[in-house]
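K.L.:
The chain contents come next:
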Amino acid sequence: MPPLEADLGALVSPEFFETTHGKMDCRDCHGGVKFAATRAEAHEGMEPLPSKSLTYAESVCQPCHTDIAENMAANLHAETPAVSGTEDAIVLARASDPEIVKEGLTNNCSTCHVSGCGDCHVTRPQYNDGGFVRGHVFYKSPNSSLNCMGCHGSRIQKEFTGAGESEKCELTADVHWSPGAMQCVDCHTVEWMHGGEPYASRYESPTAPKCTDCHAQDAAFTSVSMHSAHGTADSDVYLQCQVCHAQDYNNCTACHVALNDKGLPFFETEESWFDLNIGRNYDQSEDKPWDYIIVRHVPVAESTFDYYGEGALGNFDALPTFKYATPHTIKRVTRQTENGCSSCHGNRDIFLTEDDLQRLSAAEQAANQDVVVTEIP
Amino acid sequence: MGQTVTRYRRLAAFLVVALAFGALMLVTGCSAEPIKPAEGEMSCIDCHTDREALQASLEADPLPEKEVAESEGEG
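Sequence lines, in order, name chains A and B.
Residue numbers for the first sequence follow our numbering, so the first one is 1 and each next one is one higher.
Residue numbers for the second sequence follow our numbering, so the first one is 1 and each next one is one higher.
Treat the hints as calculated values from the structure; they're not laboratory data.
Some hints could be false.
What the hints assert, rightly or not - Some, not all, of what chain B presents toward chain A, calculated at C-beta under 10 Å: (1) P34; (2) K36; (3) D50; (4) A53; (5) L58; (6) E59; (7) G73; (8) G75.
Even for Gly, the Cβ is constructed at its ideal location relative to N, Cα and C.
For reference, chain B alone in the conformation it holds in the complex (with noise of 0.2 Å):
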């Protein structure tokens, strides 16, 4: 008898905190967040630590010129 009480209290603590973890993903919005990129898409880290993907972007797609005014003799 006394174990069996034992056995549902633990699976209540156990919805409960399962239930609370749940409610937390949902507001923070984590649980809407996908792990892993769809297929064609990269993370930050996938692109920027690999060179040649950068300089493939930057060559198909240049950043823009800084314009600046050109000055003379010594700032």
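Next up, chain A with everything else stripped away, as it sits in the complex (with noise of 0.2 Å):
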């Protein structure tokens, strides 16, 4: 997302005077100056993020939010443990050396994660160089183009909107993207965007998004007879629903992070492509209790933080690398349902297969033996 111009980022709408927050003394969040001559007298003592805190509870909000701020602080978008925590990144299960991989991750991963209630309530994303959405009133549901979209653009972006391409067929947007009416909000609820619960990653929260919240698996469900077969806990093979109805999405592979010569982070991905496969559910719960599952592959790789050490991931195999996913890119009709069963039975190319693994490394192709699908359907 372009960034906004710096005037109109700072620009308050005559509309803000009429909201709650906007009968307030700016002072009484911001600090600052009551008159002065100079910018820089004004701003003397200023906080132009009032709410940006390590801990939520403690920020500006928390006073009149109090449980909101103080719930805040157990959410992914607070922090960012699974990707970047120094003791619960998922990536540690792959160290062998944990030291230098906590390294790396303090300094090139812990950076991704909101820069307070504002990033949601009143400005673009810092991320995005901030910016007012609609001159400092505060609105309680995020804009899904200049909020979430402004840190999850990269993936989600590409693939909701139906901006990315896939050698293997046309792509469209996410039968859910409609800019003017359903917002990302919908799906991911207030309940978990606030938190409450610590969790280990977006997928373990008990509020992530389910389809099954709006898509009842009741008898106009079963009466179609693809699921039936495949779309019930009764069924002989159980499929995510994504299986049949993800459209191609994006992967990554080789993601390396360094620092440059002034000591600011930086990372290097190696390739990017949108491809859809399906593989074995080498995870199964009772969250998760497919046969078959969606896999897309994370850009991970055996010498992301050389950097800061070689062979820090000497345990590669530890996790696989394609992994569960639940893309954006859902359709009804997709290349694994458009020709009824054959769509799927006998139709290698949609499948992780051994032959998919073999340009990758030894190790790589150890991480994904319970992924790989042995036999086609």
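From the two separate chains plus the hints, produce the assembled complex.
P.N.:
In structure tokens:
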């Protein structure tokens, strides 16, 4: 998303002064000076991002929005423990030298979290250089395009809006993408966004969105023969909904993180491509009961943290690199359904097979042994 | 006689309230704060609701460029 012009980003609308927050003194939240002759003088002691706080419970929003602020600390947007936590990051399971990996996580990954309540409720995310969305008017529901996709731009935005390209099929926007109507928060609810109970990853939260929240597995659902064959827990072969209803989605490979000569963090990923692979469910559970799932290649490589010390991911095969995914590319008729049963049955191309792993290292092949489909159904 | 006593009581009550208000203003520092800007001064609202003033200010004194390292590929 291109940044907003600086003056527009700071321009307060007349509408703001009609709202509750607009009736307060600017300094109640921002500090600063009441009257000043210069910009520097006016902004002395001023905090442009008053909700920015390492602990939301201490933020300027807390006195009025106590419950939300106190719960927010347990939300994945406040911190990103599964991605960057030096104790909880999923990648640490692959580490033979955790201290090296933790240094990389701290420098390169831990900056990825929201910069306070304002990133969703007042401005564009600071990751996109901020700027008011509605002239400082606070809004309850974040805007999908200006807030959510400000950060979730490379993968989710491309998938959701149909901006990706696949060599195997024409892609269209996800059926749920409707900029003027349905918004991200309709599925990713406030209960999830504002947290409460801590959980290890976004998939572990009890309030994470499920297709069945809206699409009940009722008589109308099972009257579709494909659904009765593969869409319920009673089916002989139970499929994650996306196995049939996802279009191709983004995959990445070989992300390497480092610092430049000024000590600033950067990353390089080798390749991104749109494709779809059905794999075996390597992590079956009550929440993920399916036999087959959609798997996405994640960008981790054995050498991801080599800048900080070679060989730090010595247990690379501890987790698959083709991982459970819930792509935002949903459509009723896809290349897995368009020709009925034969769309999938006998169609080697849509399954993750040993052949697909041949170009990978021995460690990565070993990492995906529980995912590959050895016999095409 | 009765009317004079009532008048004194009202005056005393008024003085007590006025004194309490004055003390409150003094303690909170409100009394020391100017209500209107001096000549050449602006309030937060004066500048942040005037796009031309913001543009002029940013043109005269641009915001510092945020220094970030260039990354390659999709993050």
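K.L.:
Next, verify each hint and record whether it holds.
P.N.:
Hint check:
Restraint check, B:P34 versus chain A: the minimum CB separation of about 6 Å is within 10 Å; hint holds. For B:K36, the interface hint holds, the least distance from its beta-carbon to any beta-carbon of chain A being 8 Å, beneath 10 Å. Using the Cβ-Cβ criterion of 10 Å, the hint placing B:D50 at the interface with chain A is satisfied: the shortest such distance is roughly 8 Å. Among the interface hints, the one on B:A53 holds; its C-beta lies about 9 Å from the nearest C-beta in chain A, closer than the 10 Å criterion.
With 10 Å as the threshold, the beta carbon of B:L58 comes within range of chain A, its nearest partner Cβ sitting at about 5 Å, so the hint holds. The restraint placing B:E59 at the interface with chain A holds, with a minimum CB-CB distance near 9 Å, inside the 10 Å limit. A cut of 10 Å between beta carbons decides the hint on B:G73: the least distance to chain A is about 3 Å, and the hint holds. A hinted interface residue such as B:G75 counts as satisfied when its beta carbon comes closer than 10 Å to some beta carbon of chain A; here the least separation is about 6 Å, so the hint holds.
Checked against the numbered hints above, the structure breaks none of them.
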